[in-house]
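Given these sequences and hints, build the entire structure.
Sequences listed follow chains A and B, in order.
In terms of our numbering, the first sequence opens at residue 1 and continues consecutively.
In terms of our numbering, the second sequence opens at residue 1 and continues consecutively.
These are computed hints drawn from the structure, not numbers from a lab.
Don't take every hint at face value.
[Unchecked claim] Reference listing, derived: stretches of chain A covered by chain B, where coverage requires no fewer than 3 residues with Cβ under 8 Å from a Cβ of chain B:
#1 201-214
#2 241-254
#3 262-271
Source: prediction; values computed, not measured.
Note that CB positions come from ideal geometry on N, CA and C, so glycine has one too.
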Amino acid sequence: MTTPTAGPDGLVIENLSVRYPSGTHAVRGVSLHVAPGHTLALVGESGCGKSTVAMAVLGLLPATTRVEGTIRVAGHEVVGASEASLRRIRGLHVGLVAQDPMRSFDPLLPVGTSVSEAWRVHGRRPPRDGVATALGALGIADPRRRLRQRPHQWSGGMLQRAAIAAAGAHTPALTVADEPTSALDADLADTVLNALRATGAGVLLISHDLALVARHSDEVSVMYAGKIVEHGQAAKVLAAPRHPYTAALLAATPRPGTGLPAPLPGAPPNLALEPTGCAFAPRCPLADEDCAENQPPLHHDVACHRVNGQAA
Amino acid sequence: MIAPAAVPVLDLEQVWVRHPGERHLSDVLRGVSLRVHAGEIVGIQGPSGSGKSTLLRVCATLQRPVLGRVRIAGREVPRGWHRDGKVMPINQNATGALDPHWPIWRTITEPLQARHHSDRLTQAQRREIADEQLRRVGLDGLDLDARPGQLSGGQCQRVAILRALIAKPRLLVADEPTAALDVSVAAGVLHLLADAASHGIAIVIASHDRAALQVLCTRVAHLRDGRLVEHAGDRSEPLASR
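What follows is the structure, encoded as structure tokens:
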């Protein structure tokens with residue numbers, strides 16, 4: 001890390017809470033840490049608050065949203081920061097690779113112009129041939145000619161690599177990747193994630209694809225109803241899940257040789273309502289009376305009465 | 001398991017499809033042959049741009065090949081073929097495939113109102129049928145008068161599949177039906193498709209999720225350079241007796 005402002009920590013989130021004006025309490029006390037060069041995957045179903053965490057890290061939530069807690073990116077506090085300082089933090093300290101590459105680029109501009117915007121927005125100029133060199137390093141053949149083309153002449157996988165080049169323009173301490181490969185083929189997904197990790201930044205990977213997460217992340221945090229219910233090393237958590245929700249997500253993931261995957265019953269809860277007990281209890285095969293009445297705290301990286309009860 | 005009939009539901013014979021390319025015409029499909037019998041699920045995989053969607057449009061009789069034959073239940077698809085509900089397509093974007101102004105009871109039961117279904121149903125009957133169908137796929141809590149915009153992607157996809165199945169088609173053609181869904185919901189869709197096949201419906205499904213195809217399909221075919229290469233899926237056993 002050459003930027004002097006880049007602290008030793010990539011991303012530190014402490015007790016983050018996000019409430020939308022609609023009353024939806026999307027994030028309910030999330031703490032996590034992404035070290036530089038490490039990849040943390042945030043997994044869970046749609047509507048569990050994963051993307052809200054990502055938007056909060058980038059300071060992109062609407063001004064009417066109530067955000068509490070601490071988010072530090074390379075030592076810079078994001079919660080409550082002014083729009084001017086957020087603009088400085090974005091790009092210099094944190095990059096974004098969004099879900100749909102076809103919508104991340106202006107269709108009327110050459111791809112090269114869009115990528116070099118990452119420098120111009122901070123009043124800088126890309127180094128001579130810098131964009132082409134960066135894209136060449138990401139496996140784009142003949143980048144000088146390609147950069148003059150418009151986005152529709154590129155494939156999704158190539159555009160996503162251009163997005164990675166733009167996100168990495170100022171070697172930020174952190175890259176937020178929100179479902180970066182869900183619009184891509186499986187082979188391309190691996191290429192894109194390898195490219196992303198090779199930039200050396202810490203990566204906060206938002207995904208619901210557990211197979212992908214198993215291949216490409218160091219750690220994983222499983223999110224349900226705005227809370228982290230399980231955390232640990234990706235290989236460990238995904239091989240031997242402890243929380244029933246993690247186990248259910250894994251059982252719903254198709255794996256050759258194991259028959260049809262088991263769907264989860266029911267749907268994630270309405271986040272406008274505060275649960276009395278464990279939010280997962282209504283869908284949980286292990287739930288008992290205790291689960292319906294008391295919210296389980298995150299204890300030894302698992303928030304589950306039944307698991308922690310057995311351990312004690 | 002229903003024994004596969006002697007006549008395949010879908011029979012593609014040496015199908016060629018040509019698209020205009022950058023400099024010259026390019027052959028997207030170069031002599032593809034594929035037979036799918038009742039109760040079989042055939043998966044199609046291949047990288048983006050390999051012609052998967054083109055092949056599926058041909059299977060769904062939505063696109064005519066420049067060369068070769070397409071037979072549905074032994075009958076060649078004639079020019080001006082009116083789609084009589086024997087072949088039903090399912091898309092990746094279910095929300096976009098449903099009429100945004102229609103309540104879901106109307107969407108689900110609309111195929112029953114098609115020309116060849118002579119007895120007209122009353123609204124009360126249609127609501128009852130829709131309610132029963134939704135119950136079957138675990139969507140019993142859903143409001144029959146909800147519009148697609150009020151549903152999640154997974155709910156829309158299940159509604160789209162119910163609509164496709166209600167008039168008892170012979171063939172279902174599904175292009176990436178789970179790509180936009182959460183794993184938890186996608187697993188439910190896979191069960192729905194497996195259930196349809198166990199009732200004798202032939203299914204062709206394209207997906208880039210190799211694991212999903214492997215667990216769901218009786219056969220998986222790889223599309224490469226405009227040709228198909230087949231191998232067995234996890235559920236191929238019931239067909240061994242054929």
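To see whether the hints hold, each was checked on the structure:
no., hint, result
1, 201-214, "holds (count 4)"
2, 241-254, "holds (count 5)"
3, 262-271, "holds (count 5)"
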